[in-house]
Amino acid sequence: MDRGAWEATIHGVTKSGTRLSDFTFTFKGILKVLVFNCFWIGQASGDLSQENKNLILNDPDFQHENLNFLSRSQRYEVAVKKSAIMVQKMRKFGIADPAEIMWFKKLHLVNFVEPVGLNYSMFIPTLLNQGTTAQQEKWLHSSKGLEIIGTYAQTEMGHGTHLRGLETTATYDPETQEFILNSPTVTSIKWWPGGLGKTSNHAIVLAQLFTQGKCYGLHAFIVPIRELGTHKPLPGITVGDIGPKFGYDEMDNGYLKMDNYRIPRENMLMKHAQVKPDGTYVKPLNNKLTYGTMVFIRSFLVGESARSLSKACTIAVRYSAVRHQSEINPGEPEPQILDYQTQQYKLFPLLATAYAFQFVGAYMKETYLRINEDIGHGDLSELPELHALTAGLKAFTSWTTNTAIEACRMACGGHGYSHCSGLPNIYVTFTPTCTFEGENTVMMLQTARFLMKSYDQVHSGKLVCGMVSYLNDLPSQRIQPQQVAVWPTMVDINSPDSLTEAYKLRAARLVEIAAKNLQTEVIHRKSKEVAWNLTSIDLVRASEAHCHYVVVKLFTEKVLQIQEKSIQAVLRRLCLLYSLYGISQNAGDFLQGSIMTESQITQVNGRIKELLTAIRPDAVALVDAFDFQDVTLGSVLGRYDGNVYENLFEWAKKSPLNKTEVHESYKHLKSLQSKL
Amino acid sequence: MGSPVPPVRPPHSLGAAIASTECVLCGWTPPSSWSAPAVWLEATHLASLRQSQAMEGNPVHRVSAGDAWSSSMHPDIESERHSQSFNVEELTNILDGGAQNTALRRKVESIIHSEPELSLKDNYFMTQNERYEAAIKKKFHILMLAQRLGWSEGSSELQYASRSVSGDLGFAIHHIFQKTIRSLGSEEQIAKWDPLCSKFQILGTYAQTELGHGTYLQGLETEATYDAATQEFVVHSPTMTAIKWWPGDLGRSATHALVQAQLICSGARQGMHAFIVPIRSLDDHSPLPGITIGDIGPKMDFEHTDNGFLKLDHVRIPRENMLNRFAQVLPDGTYVKLGVPKSNYLSMVVVRVDILLGEVLPLLQKACTIAVRYAVIRRQSRLRPSDPEAKVLDYQTQQQKLFPPLAMAYAFHFVANNLLEFFHHSYSFILDGDFALLPELHALSAGLKAMLSDFCTQGVEQCRRACGGHGYSKLSGLPSLLTRVTASCTYEGENTVLYLQTARFLIKSYLNTQKSPGSASKGSLPQSVAYLTAPDLARCPAQTAADFLQPELYTTAWAHVAVRLIKDSVHHLQTLRQAGADEHDAWNQTTVIHVQATKAHLYYVTVKIFTEALEKLESQPAIHQVLKRLSDLYALHGILTNAGDFLHDGFLSGAQIDMARKAYLDLLPFIRKDAILLTDAFDFTDQCLNSALGCYDGHAYERLFQWAQKSPTNTEGNPAYEKYIRPLLQGRRARL
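Protein sequence lines, in the order shown, are assigned to chains A and B. For the record, in the first sequence the residue sitting at position 151 is 151 according to our numbering, with numbers rising by one throughout. So the number in our numbering is just where the residue sits in the second sequence, counting from 1, plus 676.
Keep in mind that the hints were calculated from the coordinates and are not lab data. These numbers come from a predicted model, not from an experiment. Treat each hint with caution, since some may be false.
Cross-link-like lysine-lysine pairs, in silico, DSS-like; alpha carbons within 27 Å at most [as the list claims (entries may be wrong)]: (1) Lys813/B to Lys659/A; (2) Lys81/A to Lys1386/B; (3) Lys528/A to Lys1349/B; (4) Lys1399/B to Lys89/A; (5) Lys1399/B to Lys232/A; (6) Lys453/A to Lys365/A; (7) Lys453/A to Lys1338/B.
Please construct the entire structure, taking both the sequences and the accompanying hints into account.
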């Protein structure tokens, strides 16, 4: 993709709720997508000329401070400082090529959160996509040059994923040719946008447009919020930081309240919809691209899940190879904890999951590009399925990853709880993925809508295609309980293909159950919406089963494509483990659907344990293959060289609390001892 | 916004000071130090009490102090309290263990919340350093209060005081130090050290975990070598990994450490023993010679605690400093054993039992309170196109997220209290040298600690995520609850290791039942595993969904699965052994199944305790009914999430699983009606919850906005602008 293309792709997503950008995956994150092509992030560092790389690596300004010992204000300051230095250096070195910028940023910022990033990732792209040529001429130059720093304000205190519920209003006043922006309620205060609290002086604000007494729904407006030169909030604007969060300490996620705040008519982005000087509203042409960008961001998040989980697995597996504990055989030296079956059982299924999600992430990106090309040719036929799939997979992979990172942390015992492990930080940085860009349960229900639609289609005699084509088999006798006796013998627990079939049957069964329960409720309740709510637990189950099937299927297919025999063998083990572990964890579904027998489940459990033993010798190599640099992992426990304990001690000694042997707070202890 | 700010009504905790007179309504006595115009305050107090009782039938204590919104209820939360299917106050009394306890607790809370020094409000904005100082200051303040008001050590008042500040106090481990001396020290040692601890003339810590070893005690490397010539022990950290790591209060506070070390005397290693080691000067607090000491750096939470490291370089302590209730070293170096090998673990049992009610469970209860309250004031999307936006708690998926944790919060209350009773029962025997009950106590406390901490952690996280984006803000209170509860999965014994300890006990008990069929040995099975020999059904008799609401039916179902899995795990172990595998390899190769069996056993135990506790409440039918729904939900949720285990041997059929699922789904709307009241019954004050989302009055958004504005990021200017942003903007301009 060239620069224009990615800018086009990344423009304002208007239907997805809490913004990814609220958390600033930012410019850096978007650029990262460009190298999605490279399956293992890191291989592509050749994109940056060696000259520039050295420039960065040898520059004292680019040293990474240990943020763990800093307060929130200090972390914000360091982040702003880094961004400032980086922008100045890029100006100085004339780095302008997007790929070069990306690698420059990657080396400079590592996993860093960047308060000015929203200017590039959201403000400018939205301007490009929704602004007229005149508006672009007016604003683009100054925002690109950071004369103004912009952000994107969509989410409000009272509403996130349900966009239509947003309450901010922009009322047109034809007399002055201005829009009057208002936050009419406490709940309408813009809340969460990244860079809004302290950094930005402009925001693109999403508000309900009122003109000539009528509401025309959400539109985007450019709103100056801080005075140029003094950075003070403008009259009518209340702006600030929303306070401490679970993570993202460096980011000034902010609030914005507007009281009868007037902006010129020209500040409404009018490429698509317009308000004429007299207040006449002109409807936008249908913009299909919006649909595509939502898909794009969510498919990007699938890759982000893979990356975060891979990091957590790397740390936990490496540390488990270094940590010795207890004994398996009396008298022998203490074994590595990775030799304990319980530890393998905790970590290897997660490692397999990390690989599975890597492949799914790559698939999502390929599919997105392919379908994007189709859209270019006017073929929109595959978009609904892709939209449904990305919503579900975003939820499925982020929920799984969220739990898995915690499991990795706990597998590191007490030291996992220390920030030295890096795992708390990976967790708190990842976990908002479950709620932003569409709250996961809502995402699962979107996928369910597609599944129900497909089911109805099949039921009315039409065939469906794509990942849901298994529904075509539904009316046949295959999943009728009385007929399934023939099925169990057909599941071969050593064949990924056969296991994929088993997952397919599970998905088909759960989709059908949800559909039937939904129909029953519709008959009883009259209202479709109420029936939908009373079936929603079943619907989420169906979506999860569908997504699980897709992941197993993609993993299985990917393994077959790998030529190198030794790599194929090790990945095949992971693929089997992933599939069998899922069956073991959801045995009820497979038994109840008569997809597998009790004795097969017993075999599955036995086979899992064999696979743990088989994977054990390759475990460290499998995480090394993710190829994370130590600085990226930010973990004393996950060091490549394994010298954990020495470095842990050194790390702790750096704590500011240890600067003096007797801490100043001793005065409290002393008075305690004297007074009691 | 511009909404008018209602007049601030002095809430109970501030407003009722009638000097040294008890409040007639709840027995609250203001501290004598207070002086206030008594008549005005009395009138206000009575008025506010009446108003609030008329409104929600509960005392005013639940209303927060000091927030401008407290005198009005958010209509969305008020409507939840309109029709009450049970008396919330009675349920609170049950949770407190009696109405008099509720009254006492509230009295203490009122006192605590009226002390500005004990406010938690600024916690989210503080640095690690500030949190530590504040926690010490609070502890100090509470001790002063205790002295003045005559709250004795270990009293209910002090426990309630700790609860009302969410345990945000220094010196938690000091008390473990003291308790350990009481359980492992001789009478003489107790007489010497206990008063010093009580008067805080020394500050103790409990130093067990090392850099390289935690739960596996025998692997600890610190050595205590007896030197008969001087009658001293030489305590030493021989390796890098032997450095003591993690003990709370060690980094900056403690003057003495109770060090667990390998005892070496007369050339023989005698295993782990406890030694009192002075580590800091009592004069100037500087580390003593041979001691290297410090803070281990930032953690996920427990910022108020100075978890520390301790390196000992041939530190000499007198012979008398080894705790010798169960073992001693005579002056000539002879080792004398007085207890069983396990007796050294006793102090860990004490702590595990303590933390469940004192630390772990309240965190889940708070998370449920916050998430359920927020879910009735948060409106999102519509259930019907014509309706206003719906409360998110009306969505089935939201109920599915929140009600299982809520049911657990109640189940575990009864479980933890049951364990505490059993502990008190057996502890006195053990101290007198009768160890018969120790294995069961050890197994039960280890297993339940693991299970409750696991489930509470998952439950808190579930609650946090159920609050969407705002659950990510620290001001919601939920991130801190999570980071705090999750520590309990690894401290005081890593959970997997603990499950396996329980597993060993189960296997032993099971093998005992096999030894002499029909003999007296069956009768002697410890109570918690007596069901191993109970008659078992091969098939569940349920025929309708309603059958799954019979406690006996689901308890039996859990017993069946637990017994089957225990048998199965023993069978696997024996098969491997017979195939020639070495005993220890065979154990390692079957640990995953042992853990699975143990979890089923523990689920059975908890279901059983909950249902038995309910039987005792039958005289209060309304409360019995609402709690029984939670008990049903708890048992069924477990069955459905482990459906495979129940289907496996055909105990439940597919059709029966569907019945169970129907029964489960049908419970949700019933619990929905009582959800707010069930969380109100926990009776956490707003100050103690310290959550912008979970306040009693439901004004989450106003509070969130107000609290955010108080953040130092908003009040302390923006140095980053002057230093970096401005030059960035202007540097460019100059070039343009």
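Looking back at the hints listed earlier, which ones does the structure fail to meet? The structure conflicts with no hint, since it agrees with every one listed earlier.
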